[in-house]
Each structure stands twice: as C-alpha cells, then as structure tokens.
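*Asks:* Order-wise, the sequence lines are chains A and B. Reading the first sequence from the start, the letters are residues 1 to 386 in this note's numbering. Reading the second sequence from the start, the letters are residues 1 to 140 in this note's numbering.
Just so you know, the hints here were simulated from the structure itself, not pulled from any lab data. Cβ atoms here follow ideal geometry from the backbone N, Cα and C, with glycine treated the same way. Don't take every hint at face value.
Claimed, not checked - What follows is a set of in silico ranges between Cβ atoms, one per label pair, in the way DEER data are often shown:
1) B/GLY119 / A/ILE276: 31 to 39 angstroms
2) B/PRO39 / A/SER76: 41 to 49 angstroms
3) A/GLY305 / B/GLU49: 33 to 41 angstroms
4) B/GLU100 / A/ARG253: 49 to 57 angstroms
Here's the letter readout for the chains.
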Amino acid sequence: MEKDVAIIGVGMSKFGELWDKSIREITLEAAMTAIFDSGVHGKDIDGIVVGNMSAGRFTGQEHLGALAADMGGMSSVTAYSVEAACASGAAAVRQAYMAIKSGEHDMMLVLGAEKMSDVTQSAAMDTMSVATDWEWEGMFGATLPALYAFMARRHMKEYGTTEEHLSMVTVKNHKNAQWNPWAQFQRPVPLEVVMRSGLIADPIRVLHSAPVTDGAAGLIMCSAEKAKEFTDSPVYVVSSEQASDTLALHDRRDITTMDAAVRASKTSLQESGLTIKDIDVFELHDSFTIGEIILTEDIGITEKGKGGKILEEGLTELDGKFPVNPSGGLKARGHPIGATGVAQVVEIALQLRGDAEKRQVDGAEKGMTVSVGGTGATAIVHILGR
Amino acid sequence: MSDKGVAQIWRKIKSLYNIEGSHCKTCDTYYFPPRLVCPKCRRKGDLEEFHFKGLGKIHTFAIVRQAPQDFKRQVPYIVAQVELDEGPRLTAQIVNCEPEEIEIGMRVRACFRKIREFGQEGIIVYGYKFEPTMKVTGHK
Ligand SMILES: [Zn+2]
Chain A
1 MEKDVAIIGV
11 GMSKFGELWD
21 KSIREITLEA
31 AMTAIFDSGV
41 HGKDIDGIVV
51 GNMSAGRFTG
61 QEHLGALAAD
71 MGGMSSVTAY
81 SVEAACASGA
91 AAVRQAYMAI
101 KSGEHDMMLV
111 LGAEKMSDVT
121 QSAAMDTMSV
131 ATDWEWEGMF
141 GATLPALYAF
151 MARRHMKEYG
161 TTEEHLSMVT
171 VKNHKNAQWN
181 PWAQFQRPVP
191 LEVVMRSGLI
201 ADPIRVLHSA
211 PVTDGAAGLI
221 MCSAEKAKEF
231 TDSPVYVVSS
241 EQASDTLALH
251 DRRDITTMDA
261 AVRASKTSLQ
271 ESGLTIKDID
281 VFELHDSFTI
291 GEIILTEDIG
301 ITEKGKGGKI
311 LEEGLTELDG
321 KFPVNPSGGL
331 KARGHPIGAT
341 GVAQVVEIAL
351 QLRGDAEKRQ
361 VDGAEKGMTV
371 SVGGTGATAI
381 VHILGR
Chain B
1 MSDKGVAQIW
11 RKIKSLYNIE
21 GSHCKTCDTY
31 YFPPRLVCPK
41 CRRKGDLEEF
51 HFKGLGKIHT
61 FAIVRQAPQD
71 FKRQVPYIVA
81 QVELDEGPRL
91 TAQIVNCEPE
101 EIEIGMRVRA
111 CFRKIREFGQ
121 EGIIVYGYKF
131 EPTMKVTGHK
C-alpha cells in the first residue's frame, strides 16, 4: 500500500561563509534543529539520506551518509548520500519520499550540505563546472556562469529580456531575504548597485549570481500515520517528480527553456490534481537570476518570453499573485549546492505552517519547489500542501 | 593515475583535432561531440564517424572575466556556442575577435589552437577554437 508522506520537522544551519565550522558541524546543526523541531528522538529515525554535490573536492571528505549517522550518535542507522549536482538536496528529499512511500523506511532524517569556502574562489569555480558536461564544455573554458550567460543572451535576443530584468530578480530576492534569519545576505540591494556590479561572464554580473556559501538544511519526514503521533499540523509532500535532459547545454532543443523543468512541473501538477494557479508560494532555482526568469515560464506562471516582463508587474513579489523565493532564493539566502534543495523545502514547509514570520505569504496552503542540476540536466519538483 | 588529463585527452584527440563526430545513417542526424548511441533511434541507430567541415555561426556567447585557474591568463576571453552548418552545436572559444565585435549569427570557422594547460606540470591540450570567417576571407 502506498503511504502519504509528511514533513514534521525542519531545520537549518546559518548560511554564509562559516570559516569556523566544518562540514560535520554544520550538518549536525541542521540535523539537530530539525530533530528538535519535530519532537522525535534519534531512536525513532530508521534512515538518513544526505544530499551533497562535491564534498570530496570542496573538503576532501566523502561518505557523508555514514558521517552524518556517526556525528548524530546514530551510527547503526542506514544512511545514504545522493548526488545530482545543484539539485542534490532535492534528490535527497525525493529519495526519502520514495523510501517512505514504499514502506521501506518509516521515519527519515533528510539532510543537504555543502562547505564551499574551504577552497579558493577559483577552485570553487573549477568544482562547480563539473556540474556541466565537463569534457565538452568546462574543458574549453566555459564556466557555469558562462553557460547561464549563453541562456541569458539568447533569451534577450529572442524575447527582449533586458539586463534590468536580470537585476530585478536580485533586488526582489534580497528584499525578501532581509526577513530570513538564516539567509547569507539579510539586506536589500538597490537596482543601480546590481547593474553596476562586476561582470563575471557578460551579461552575467556578480550580483546576478548566487554566492559561495557554506550551509546545511534538514527535514524529518515520515508516513502520514506516524506524523499524527508527533504533530497536529504536518505538511504533506503532495507530489515529487524528477526529469532529465542532455548534460551539455549545446545539445538542448532550445537553450531558453529547461525542458526537464517543464516536464517535472507538469507531471507534478497533474499528479496532484492542481493547476499552477492553485500554488500559493514558490521556491525556484535562481543560482543565476536568468534561471528564475526561465523557470517562471517553464512551470507556467507566465507564458514563454514573459519571464522578464512579469518582474515589472510585481507578479512574483511577496505580495504578488505568484510569490517566488520568499526566503531570498539562492541569490540571497545563499547556495551551498547540496543543501539548497532541502532549504527550499524547509522554506515552503515554514510558509505552509504559517511560521515564516515577516516573509509569510498570507494563507499559503500549497507550495512548489523547483531545483535544477547544472544548466538544467536534472530538474526536481516538489509540491507541498497542508 | 596518469599525469593529469593525459588519458582523458588522448581518447578524444580525433575529435579535438579534426572535429570528428558522428552521423546516424538511420535518421540522417549529425552529432558533435560523437555519440555511442543515437538519441533519436537508440538501438536502431547506425552511427558512423563524420568529419565536420568546421564552418558555422554563433548561436550565443559570453565574455568570461572570472575564470578557473587554468584559464586565468586568458581573461577576458570569448566562449560561444557555435552552430555547425551540418546541424549540431558545440562549445568553443572564439579567437581573432574582440569582445565588442562578436554577435549572434556571425559566421565562424574552426582553427587549430592551444586550448589549455593542466596546471604547471600537466599536459598541454590542443584542439579547435573558432574565428570570424570575414577576418580570414573578407566575406561575412
Ligand atoms: Zn538516428
């Protein structure tokens, strides 16, 4: 029998450049916060799954499943780690979802973690480029920002999207992040400052990109029946979908659309019997601001080509019809790669519980997260409801 | 492990030096980089090696100003997605062209250049970059 899956606890470490902490410490911090939030005990947990992209290169440590179990004093528990580039955290959520739904695990601790500031900026860049088709893109000097610049320039050419649009995403997400105590940048940033920030890969500027971040996020997930023992107001994972596309951007049908995100969001909505209008709040993958613009089109918030224009109308603002990234998104909350997908789910769970304080979207009942790996080779969508 | 990159590059030399990809005889589609399975026909596909002419146009591009260690000395450089005349697109650097001169749709042709060095002791990789055809032939 298939089981309904619930989220009964959420937690995060602070996101930022945490020079005084190691990947063990931040992962444990997120885990303990989620465990305390849920009210479960270590003995209730029968599985751990950790999302991570490249701890081996960023910190010299792999085997994070066993490490997490060990640090939590639960080393007899089954533990896995999963990798799907920048969507690794979302992949961990989906692994737990499937394991609980199938009945294989009852109660799981889901973690996402990345420690990026232990290496230099250029080493971090090198490591991030392995999320693309390294042999045929990174090898020739195409950095991850350059590949997103490819999408941005093409989007500008075909749909009239402007540099101002790219910058407006940053302004919106920084504005939201000032009310998120876990965010890396808790301050607004004016449009002129974004538009004058240094170019990384034209037309992408520093302030159009997510920063280098350390951080971890955690969830306690269990079956709906089990959830009743611990809370009166669980958040349910209504649907979880994943799709793939070519690894290299140059092999895509159309580089201004992420086909994997189109497919995953479409099946996710179908499966849950909802339309995009039923979703009250969104966390979309804005590792580069053009990503958020493209995703608003791909999931159906707006039609193809209008992703820039809707920013002028304020449609995706906190008080707009489709609030996107109330947490500050990857841009302002920070983007510790493997942690991001879990952090997105943490934010939506808080929103649905009504615990998002000053960044709360009024009366939010359904929320969606979209995580993207690389330049869109993986897309993972979760719909949450209460 | 061999010196950084040696085996990895050696396996790809034909593609890097001659833009050798593949052509599926079943569906008549061209692929670069070469594929082992035709994504359209899968097991019904029939792939043969194919030598691309190396002519095409700029599909999109970026000017890279922050680069990983091995490319730092080249900054700023142009990297682009080039659409080959036979159909497929590939990612390559554009040389013999100033950042302000490049535009979408510009005709380019392949040239043989040094791509990168793998650190100080690593091997040097040669292969394709592209340059504007007008610079060479005077034609747009
Ligand atoms: Zn074929």
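*Asks:* Hint by hint, where does the structure go against what was stated? Just the numbers, ascending.
*Replies:* Hints 1, 4 not satisfied by this model.
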